[in-house]
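Chemist: Now for the letters of each chain:
Protein chains: 2
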Amino acid sequence: MKDVDYEAVAPTAMKGIKDGAFLVVQARDRINVMTIGWAMFGYVWGKPVMMVAVRKSRFTFGIIEEADSFTVSVPTGNMEKEVNICGTKSGRNLDKFRECNLSTTKARAIGSPILDIPGYHYECRIMYKGAMDPRFLAQDLKQLYPMKDYHTLYFGEIVSCYLRE
Amino acid sequence: MKDVDYEAVAPTAMKGIKDGAFLVVQARDRINVMTIGWAMFGYVWGKPVMMVAVRKSRFTFGIIEEADSFTVSVPTGNMEKEVNICGTKSGRNLDKFRECNLSTTKARAIGSPILDIPGYHYECRIMYKGAMDPRFLAQDLKQLYPMKDYHTLYFGEIVSCYLRE
Numbered sequence: 084m085k086d087v088d089y090e091a092v093a094p095t096a097m098k099g100i101k102d103g104a105f106l107v108v109q110a111r112d113r114i115n116v117m118t119i120g121w122a123m124f125g126y127v128w129g130k131p132v133m134m135v136a137v138r139k140s141r142f143t144f145g146i147i148e149e150a151d152s153f154t155v156s157v158p159t160g161n162m163e164k165e166v167n168i169c170g171t172k173s174g175r176n177l178d179k180f181r182e183c184n185l186s187t188t189k190a191r192a193i194g195s196p197i198l199d200i201p202g203y204h205y206e207c208r209i210m211y212k213g214a215m216d217p218r219f220l221a222q223d224l225k226q227l228y229p230m231k232d233y234h235t236l237y238f239g240e241i242v243s244c245y246l247r248e
Numbered sequence: 084m085k086d087v088d089y090e091a092v093a094p095t096a097m098k099g100i101k102d103g104a105f106l107v108v109q110a111r112d113r114i115n116v117m118t119i120g121w122a123m124f125g126y127v128w129g130k131p132v133m134m135v136a137v138r139k140s141r142f143t144f145g146i147i148e149e150a151d152s153f154t155v156s157v158p159t160g161n162m163e164k165e166v167n168i169c170g171t172k173s174g175r176n177l178d179k180f181r182e183c184n185l186s187t188t189k190a191r192a193i194g195s196p197i198l199d200i201p202g203y204h205y206e207c208r209i210m211y212k213g214a215m216d217p218r219f220l221a222q223d224l225k226q227l228y229p230m231k232d233y234h235t236l237y238f239g240e241i242v243s244c245y246l247r248e
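Taken in order, these protein sequences are the chains called A and B. Here this note's numbering = 1-based position in the first sequence + 83. Here this note's numbering = 1-based position in the second sequence + 83.
Pulled out of the complex, with its shape left as it was, chain A reads as follows (with noise of 0.2 Å):
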């Protein structure tokens, strides 16, 4: 386990992003994994920011809105089927760790533990949240919301990021 500069590495974890990477949420006893597409990281409130999106409809969205904070990892082997798994079935219908044979491992930081996978970890505690308003979204991106589930943005405060291998 290598300790890593976030924005370093921040052109790596965007691609694996994009591929396919894992948000991973607890509150309590209740526990999920999703598969994200889309996340930005960067520099906000004078802190190294990860933001990631959940649709109301997901059944993590019930989760991390009573979670304090959140972990992704951005596997660095191949995933596909898990990706594709986690990225599919809802966690309402499917134990998904059992199903993919993912166990986590306690966050160094957090409440949130991180997936058991070699990869990209980064332990996030949310600063902020904010549910889209369809009003300020641009016309041509409305098709992204035919049941009008709109993302929440969650902003959270990378606190630990390393390297699995």
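Derived by calculation from the structure, the hints in this document are not laboratory data. Watch out, some of these pointers could steer you wrong.
Unchecked claim - Example chain B residues on the side facing chain A (calculated, C-beta under 10 Å, incomplete): (1) T95; (2) M97; (3) G120; (4) F124; (5) G125; (6) L220; (7) A221; (8) L227; (9) P229; (10) D232.
Stated by the list, open to error - Distance condition first, Cα-Cα at most 30 Å in a straight line; then the derived DSSO-like pairs of lysine-lysine: (11) K231/A - K189/B; (12) K231/B - K212/A; (13) K98/A - K130/B; (14) K130/B - K189/B; (15) K130/A - K130/B; (16) K172/B - K231/A; (17) K212/B - K101/A; (18) K130/A - K172/B.
The beta carbon of each residue, even a glycine, is placed where N, CA and C say it ideally should be.
Position chain B relative to chain A; hints supplied.
Modeler: Quick look at chain B alone, frame taken from chain A:
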């Protein structure tokens, strides 16, 4: 002038932004430049995205609220004096372009111009914006807003990104 991959230059750009970059916005005949120290990069709504934050109290706020685009220029040379002036003076009382001997040049793809300086230039079309709601801000960040002039977060599709030497 050289096209660059916004992901590949993200670490350089993030560091540059923390050291001070320039946000330029134009709406009709009104234009302003301000220093920014915060920003995010990533991939959201299926597009490469840059996020900037503008407080409601800023002169730029009145302009960007009527604009459909913004540009960010991350200087590669030493522009400490200009960063300082554009970060502490308001365009309400001062023509900062004249004060800093800065000029603009037409962007390739959007209405707001870019600053005519050596550096990384991002042309962004505004896709979404969200005014911060302090109810969802972590307690320890509230001290950043003693005047309650919260930021509005502007998400721009990066339609062009290039280096001018």
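Chemist: Is the straight-line distance between the alpha-carbon of K231/A and that of K189/B 30 Å or less?
Modeler: Distance ~37 Å between K231/A and K189/B Cα, so the pair is violated.
Chemist: Verify the proposed pairing of K231/B with K212/A, using a straight-line Cα cut of 30 Å.
Modeler: holds, 17 Å
Chemist: Mind checking the alpha carbons of K98/A and K130/B for me, to see if they're no more than 30 Å apart?
Modeler: Holds: K98/A and K130/B sit about 13 Å apart, inside 30 Å.
Chemist: Does the CB of G125/B sit less than 10 Å away from some CB of chain A?
Modeler: Cβ of G125/B sits 3 Å from chain A, so the hint holds.
Chemist: So, as I understand it, the hint says L220/B touches chain A; can you test that by seeing if any CB pair is closer than 10 Å?
Modeler: Nearest chain A Cβ about 5 Å off; hint holds.
Chemist: Do the numbers back the hint for A221/B, that is, is its least Cβ distance to chain A under 10 Å?
Modeler: holds, 5 Å
Chemist: Hey, does the T95/B contact hint survive, CB to chain A under 10 Å?
Modeler: The hint holds - T95/B has a Cβ within 10 Å of chain A, the shortest such distance being about 9 Å.
Chemist: Report holds or violated for the interface hint on P229/B, using the least CB-CB distance to chain A and a cut-off of 10 Å.
Modeler: violated, 14 Å
Chemist: Decide if the proposed pair is consistent with the structure: K212/B and K101/A, CA atoms, cutoff 30 Å inclusive.
Modeler: The given pair, whose Cα atoms are some 22 Å apart, holds under the 30 Å limit.
Chemist: Given a cut of 10 Å on the nearest C-beta pair, is the interface hint for M97/B held or broken against chain A?
Modeler: holds, 5 Å
Chemist: Next item in the hint list is F124/B. Is there a CB on chain A closer than 10 Å to its CB?
Modeler: holds, 6 Å
Chemist: Measure nothing beyond the straight line between the CA atoms of K172/B and K231/A; if it is 30 Å or shorter, mark the hint as holding.
Modeler: violated, 42 Å
Of the numbered hints stated above, those contradicted by the structure are hints 9, 10, 11, 16, listed in ascending order.
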